[in-house]
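Protein chains: 4
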Amino acid sequence: MATPVRVGIVGSQFVASIHAESVLRYPGAALAAVASPTAQHAQSFAERFHVPHWSTDPLAMIQSPEIDVVIIASPNDTHAPLTLAAAQAGKHVICEKPLCLNLAEADAMISACHQANVKLMYAEELCFAPKYVRLKQLLDSGALGRPTLLKQSEKHDGPHAAHFYDVNRSGGGVSMDMGCHAIAFFRWLLNNQRITSVYSQMNTFVHGNQTWGDDNSLIVLEFEGGCVALAEESWTKLGGMDDRAEVHGTQGVAYADLLRGNSIETYSRTGYDYAVEKAGGTQGWSFTMYEETWNYGFPQEIAHFLECVRDDKTPLVTGEDGRAVLEALFAAYASAGQGRKISLPFNSQAKRPVDLWKPPEDELRLSS
Amino acid sequence: MATPVRVGIVGSQFVASIHAESVLRYPGAALAAVASPTAQHAQSFAERFHVPHWSTDPLAMIQSPEIDVVIIASPNDTHAPLTLAAAQAGKHVICEKPLCLNLAEADAMISACHQANVKLMYAEELCFAPKYVRLKQLLDSGALGRPTLLKQSEKHDGPHAAHFYDVNRSGGGVSMDMGCHAIAFFRWLLNNQRITSVYSQMNTFVHGNQTWGDDNSLIVLEFEGGCVALAEESWTKLGGMDDRAEVHGTQGVAYADLLRGNSIETYSRTGYDYAVEKAGGTQGWSFTMYEETWNYGFPQEIAHFLECVRDDKTPLVTGEDGRAVLEALFAAYASAGQGRKISLPFNSQAKRPVDLWKPPEDELRLSS
Amino acid sequence: MATPVRVGIVGSQFVASIHAESVLRYPGAALAAVASPTAQHAQSFAERFHVPHWSTDPLAMIQSPEIDVVIIASPNDTHAPLTLAAAQAGKHVICEKPLCLNLAEADAMISACHQANVKLMYAEELCFAPKYVRLKQLLDSGALGRPTLLKQSEKHDGPHAAHFYDVNRSGGGVSMDMGCHAIAFFRWLLNNQRITSVYSQMNTFVHGNQTWGDDNSLIVLEFEGGCVALAEESWTKLGGMDDRAEVHGTQGVAYADLLRGNSIETYSRTGYDYAVEKAGGTQGWSFTMYEETWNYGFPQEIAHFLECVRDDKTPLVTGEDGRAVLEALFAAYASAGQGRKISLPFNSQAKRPVDLWKPPEDELRLSS
Amino acid sequence: MATPVRVGIVGSQFVASIHAESVLRYPGAALAAVASPTAQHAQSFAERFHVPHWSTDPLAMIQSPEIDVVIIASPNDTHAPLTLAAAQAGKHVICEKPLCLNLAEADAMISACHQANVKLMYAEELCFAPKYVRLKQLLDSGALGRPTLLKQSEKHDGPHAAHFYDVNRSGGGVSMDMGCHAIAFFRWLLNNQRITSVYSQMNTFVHGNQTWGDDNSLIVLEFEGGCVALAEESWTKLGGMDDRAEVHGTQGVAYADLLRGNSIETYSRTGYDYAVEKAGGTQGWSFTMYEETWNYGFPQEIAHFLECVRDDKTPLVTGEDGRAVLEALFAAYASAGQGRKISLPFNSQAKRPVDLWKPPEDELRLSS
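Which chain is which? The protein sequence lines are A, B, C and D, in order. Sequence positions in the first sequence follow this note's numbering and run 573 to 940. Sequence positions in the second sequence follow this note's numbering and run 573 to 940. Sequence positions in the third sequence follow this note's numbering and run 573 to 940. Sequence positions in the fourth sequence follow this note's numbering and run 573 to 940.
Read the hints as simulated data drawn from the structure, not as lab findings. Note that the structure is a prediction, hence the values are computed from the model and not measured. Honestly, I wouldn't trust all of these hints.
Said to hold, decoys possible - Here are a few chain B residues that sit away from chain A, every Cβ distance over 10 Å (derived from the structure):
#  : residue
1  : Phe-586
2  : Arg-620
3  : Ser-769
4  : Asn-775
5  : Glu-794
6  : Val-800
7  : Gly-811
8  : Thr-822
9  : Gly-824
10 : Thr-842
11 : His-876
12 : Gly-911
13 : Arg-912
To be verified - Taking lysine-lysine pairs in the DSS-like style, the calculated list, with each CA pair at most 27 Å apart, reads:
#  : chain 1 : residue 1 : chain 2 : residue 2
14 : A       : Lys-930   : A       : Lys-708
15 : A       : Lys-708   : C       : Lys-850
16 : C       : Lys-885   : A       : Lys-850
17 : D       : Lys-885   : B       : Lys-708
18 : B       : Lys-930   : B       : Lys-708
19 : C       : Lys-708   : C       : Lys-923
20 : D       : Lys-708   : D       : Lys-885
21 : D       : Lys-885   : B       : Lys-850
Built from N, CA and C at the ideal position, the CB exists for glycine as well.
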């Protein structure tokens, strides 16, 4: 396409804003529309990012001839219906993580997009984070030998929006929300090798009054080639967002700290505007970050996806990758529930991953 | 006792040397004897540390009226017989980790020392490492709130002495050799709370031609009070010894890196004598450590134990603690073998922990 | 201008390549031509960056109607003549640091560009380095109170190209080549406050057989508002490029390490392709950087300058800033030569800063 | 001496306490007496450390037959009179830094002790700090090649006791109080090579209402062998005590951070008892130190000195070293006052170093 790719965004909160900025930074695309349930949100979003059209009707936006690509940046339970609508309307899809709520939805999304000959792109930004890209290059180059242990971890003190805590909307807790990053990251580092088993330890330590879901987890994955991976996730860690990875191999090891490692170490008696996401405060010592969205790979991710649309190329991260992550998440929740390692493939028919950890009957019983 | 406590050491290698130096640093004790199977080793050890008596007969030394305390710094399979002999001879015992090979031995050791009214002290030096002592104080003071996740990790590229790799002598691989540190560390941080379950992922990634045992492991423990602990152990990590811990709580978090965090960051084109244990080399960049044994808490540990003997006080770390660690190790190996979480108590009657991971029949079969 | 800004580059080595890439990243500009003394260099540069025209005649290129802006990325002694030619031809100028060889040249360059109504932009990329931009924001916001001490330092083990070591071409050694960064950085942090005095300690520790210039320096500057600044420069530091800054104030302090602070900490037994500029090697431990040019602010700098040309705005860093830096450098060399603090203004008529440190007569005498 | 060395301490505040603890840790000595002007202080000090005798009369204590060694841990202006008294009474002296107020006093102290055949030991603990000891070993071993630049820095937000701010008692500000550490440290690293020149930049940024002295300084020293050294001192740095050094050489470089580098990185929402000296607060992020006095080398220093007394050996750091440091401090203050490098030797007859920066006449004039 010579003309700019026209992008419609569903959602108006945090990650939708990040994607809007990323689209604005990519010269070959333009923001065409935004849709969000609350009119106020949609309208101020449109003003803020100079989006020509806004509405509270995502489906109408998706069907509009004015857009070519839909970015789905809305709660997890909307991912499948919106993707199916987009495929039906012949629009390419960039879908935020996690892909959707269950494997049946995932299969339907992949199939529909395939039939409609549109791209289903899975928005895992860690595959584009410059520091992690360099880390993968180190591994690929043989600098570390054969990988034996991969680690990735994301920890902060919990999201704000209510839908994260409502497992009917989210499908699970922190493992669903952030463990998906780690699982995709491990698959990407190992060039999409198959996961053979998943073990998980899940707990609700602090947010039990807010959610049925897990707020801390450890997930151990075994890969086909023999490598082991460990994901650590937390919604209860104070002191600011923490995102880091390690790659251990037979010839070396590499430690990559995405935030605290990159920050300015600052002491301010008075405090100041902003240190890093979820910092909690800036008085005293803080770790001051900058260019966070670039650091995470968000603009690079969107630029890549839009380029794939323009040039009809295969995206780095697809719906199939999103499904593979979701499958591992179902196994993780099942493992936490049963206290044993779960082998893959694991084609669970459960509606939501969290149901395999704490059966929904319990939810009903305990809330009555 | 006003007169110095007289110490006999069984063993003449790495940790025996460290203990000898520690005894020398403690004014209220004196090195009286050393015993080691190889005459040469025992003799040069005696010369090096000015020990008046050396022999190749540990039992004779233990029975000698010239000693009050035995330090057992010899391979794992000798811990039980030597401790029983010491108890019989009315000598106090400082026993290196892991306590012994199995729970029957542990029970016999504890019982014999109790009967003989001698102290059975378990040499877990991490309980004395100054940085970790400060970390525990932080936790105890409430600075971090209620603990939710504890982490401890020790990684290097493998021990040298052959007995570590011979599971008949050692009882297991890296989990046995270094996982015991983490398990004791977690119990100590939580004031000896009960472990309720253990899950473990074990692998032999690199040393498979040398040993039947594990050379990498991840161990997840659940504690009675709800806290989760994660131990990471490795005999395949290059670049020098790495020892670190984290404490996550409801009000904070603390990261303690015992070695790399404390080191001098050095670049030397030519290289130099020594950076840190198992550094692998000193050319280019290295992390130069200093006062390593003090940093690990070895002299403080021995001073404490000898003081307990002098003043008839209860040691910080006892044979019961050593047994609790061993029990968790049996559960860890069983977990790795079965792919499921093992609940405690776990009074295994297996002869060696590794047998629960890979049955000894396999060992025989594969080596024929 | 709606049409792309057309850029001609003089130079074909390291920094010229960086600028070429930056121009390519900016959508509103295009690379039109490159000129370099050696035909081979100019030609392969043109091939590599898809530049339509190449030649060995910078003056012809400058006068070509096919370009709007000249980037001068050639040795220091060419900066003035090329800028005057550009002004005469009505072209805007982006001039690499240091501005030129002496204050007379600087005045001529500023005057000529002013007369010709073209912009003279001084390419100090540290004013665009994202981490340093955030650092300035911290200071500007009051987070650190009133600044008392600023520090900036750049150290590596020496440039490769011969012209750096030939003071006839360069004007000085490391202070001229890298001290200029720090001086500009301090002025920028303090919003172009006046420097009132300069003291400098200069040495030639290692490169004495290659150059008449300094290879290590400490430069102490006093600013009008009372703040003190300390620059440390070195061409003799092994282990890789090191670039860092500190801002101390009455309410706080901030430490910003641009490279080692941002890197992946890697151990590789075998080594690998590249860690960081001037790393020296990658075997063993290294600090692996990524996106270095972005990290330094190069593409952001060029984008800003080209935007200023497009939209006729005042650039952040101008020829006047470059002259102020040069004046401080003359004072620094004079200070090193006299062993005393030099007050500013210091309108030296010397031909090259290094002449105030070691009189050229000495150079002649010693080389005969 | 077989009997314990009996120690009398003059002083009862911070550093006197540290020395008392150090004496208690050394088995070959005993605390015999303490003297301090305020009876309350002397008495509670005696209670706290179980010192048999306390008084408000240092001279009487010094002359007592019950002591063998005097530790002078009282304000700077008392160092000379007390040392002379000690020498006259035939007592060995451990004198805190800086040695005294001026070179005449220094000469008298050295001469008196020499005549009386008693040791004059200069308490520069950085020569015993384990991390710095290792750093010197690295340099001595050739790992870093020939030294080109040494750096040492101590920064916090100012002492509490009033006498530090009274230049009549102290002789100067932060350069006198903490610059002496760096100067001694550099001499020690270079095996007591001669200092050939000193340049200094001094400022009073924050404490001008409290003191006539400097509260920030940069001191540049040239050494006979060609090495340059840079000391940075501050009484205005917030966020906790900071103590670090760097050694740059022709074959390498080493960075040693004594406190923040060794600390536990802690986030605590509530805060806790103590992070590090002068931390300012413990809520939010802090750098938790432990065993600070050991880390600084205080007990090792006292053990060394007392051993020298016992075994009649030459101490590592003597009164002559203290005099050399003081001479450099006089040169530093002169340099700051004149804005030029001062060559050594510099046998100033000024009464106090600060007088060479700001003549006392100004002090009188400005305070009238």
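Going through the hints against the structure:
1. Phe-586: 23 Å, holds
2. Arg-620: 35 Å, holds
3. Ser-769: 7 Å, violated
4. Asn-775: 6 Å, violated
5. Glu-794: Answer for Glu-794 of chain B: violated, closest chain A Cβ roughly 7 Å.
6. Val-800: Check fails; 6 Å does not lie beyond 10 Å.
7. Gly-811: 6 Å, violated
8. Thr-822: With a cut-off of 10 Å, Thr-822 of chain B comes too close to chain A, as the shortest Cβ separation is near 6 Å.
9. Gly-824: About 6 Å separates Gly-824 of chain B from the closest Cβ of chain A, which leaves it inside 10 Å; violated.
10. Thr-842: Its Cβ never comes within 10 Å of chain A, the nearest being 22 Å, so this holds.
11. His-876: The claim stands: His-876 of chain B keeps its Cβ more than 10 Å from every Cβ of chain A (closest is about 33 Å).
12. Gly-911: 4 Å, violated
13. Arg-912: 3 Å, violated
14. A:Lys-930 - A:Lys-708: 36 Å, violated
15. A:Lys-708 - C:Lys-850: 22 Å, holds
16. C:Lys-885 - A:Lys-850: The hint is violated at about 37 Å.
17. D:Lys-885 - B:Lys-708: Judged against 27 Å, a Cα distance of about 41 Å means the pair is violated.
18. B:Lys-930 - B:Lys-708: Given that 27 Å is the threshold and the Cα spacing comes to 36 Å, the pair is violated.
19. C:Lys-708 - C:Lys-923: With Cα atoms ~34 Å apart, Lys-708 of chain C and Lys-923 of chain C exceed 27 Å; violated.
20. D:Lys-708 - D:Lys-885: Measuring from Cα to Cα gives roughly 22 Å; hence the hint holds.
21. D:Lys-885 - B:Lys-850: Since the Cα atoms of Lys-885 of chain D and Lys-850 of chain B sit roughly 37 Å apart, the hinted pair is violated (cutoff 27 Å).
Of the numbered hints listed earlier, those contradicted by the structure are 3, 4, 5, 6, 7, 8, 9, 12, 13, 14, 16, 17, 18, 19, 21.
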